[in-house]
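Be aware that the sequence shown starts at 3, since it is given in this note's numbering, and climbs by one per residue.
Hints are not guaranteed to be accurate.
Said to hold, decoys possible - Within a straight-line C-alpha distance of at most 27 Å, the following computed DSSO-like cross-link-like pairs (lysine-lysine) qualify:
hint : residue 1 : residue 2
1    : Lys58     : Lys43
2    : Lys22     : Lys43
3    : Lys7      : Lys22
4    : Lys58     : Lys7
5    : Lys26     : Lys43
6    : Lys26     : Lys7
Hints were generated in silico from the structure; no laboratory data involved. All values derive from a computational prediction rather than experimental measurement.
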Amino acid sequence: MPTAKIAITIDQMTLHLVDKLVQKNVYPNRSRVIQEAVAEKLARIDRSRLARECAKLEPTEERALAEEGMSEEMSQWPTY
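Construct the complete structure from the given sequences, taking the supplied hints into account.
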C-alpha cells in the first residue's frame with residue numbers, strides 16, 4: 003500500500019517510549035511503531051462502533067425477521 007510522509011507532534015514521554023521499542027528491536031523504526039498504533043486504534047474504534055450498533059438490535063425482533071418466510075422456503079428444500 004502506498005505511504006505518505008506526514009509530520010506529527012508528540013509529547014516527550016510518548017516519544018521516549020516509542021524510542022525504547024525501537025532500541026529493543028521490537029519495531030524497526032519510529033514510523034512503524036506509529037503506523038501500527040494508529041491502525042490498531044482505528045480497528046478498535048471500528049469494533050466498538052459495530053458493538054454499539056449490535057447493542058441496539060432487539061434479539062427477538064431480529065430472529066423474527068430472519069425466520070420470516072422460512073416456512074415457505076423450507077417446503078422447497080430437498081428431503082435428506
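Evaluated hints:
Simply put, Lys58 and Lys43 have alpha-carbon atoms about 23 Å apart, close enough for the 27 Å limit, and the pair holds. Taken as a hint, the Lys22 and Lys43 pair is honoured in the structure, with Cα atoms around 20 Å apart against an allowance of 27 Å. Of the pairs offered as hints, the one joining Lys7 and Lys22 holds, with about 22 Å between alpha carbons and a cut-off of 27 Å not exceeded. Distance check on the hinted pair: Lys58 and Lys7 sit about 39 Å apart at the alpha-carbon level, beyond 27 Å; violated.
Annotation: proposed proximity of Lys26 to Lys43 holds, straight-line Cα distance about 23 Å (limit 27 Å). Between the alpha carbons of Lys26 and Lys7 the distance comes to roughly 24 Å, so the proposed pair stays at or under 27 Å and holds.
Checked against the numbered hints given earlier, this structure breaks only hint 4.
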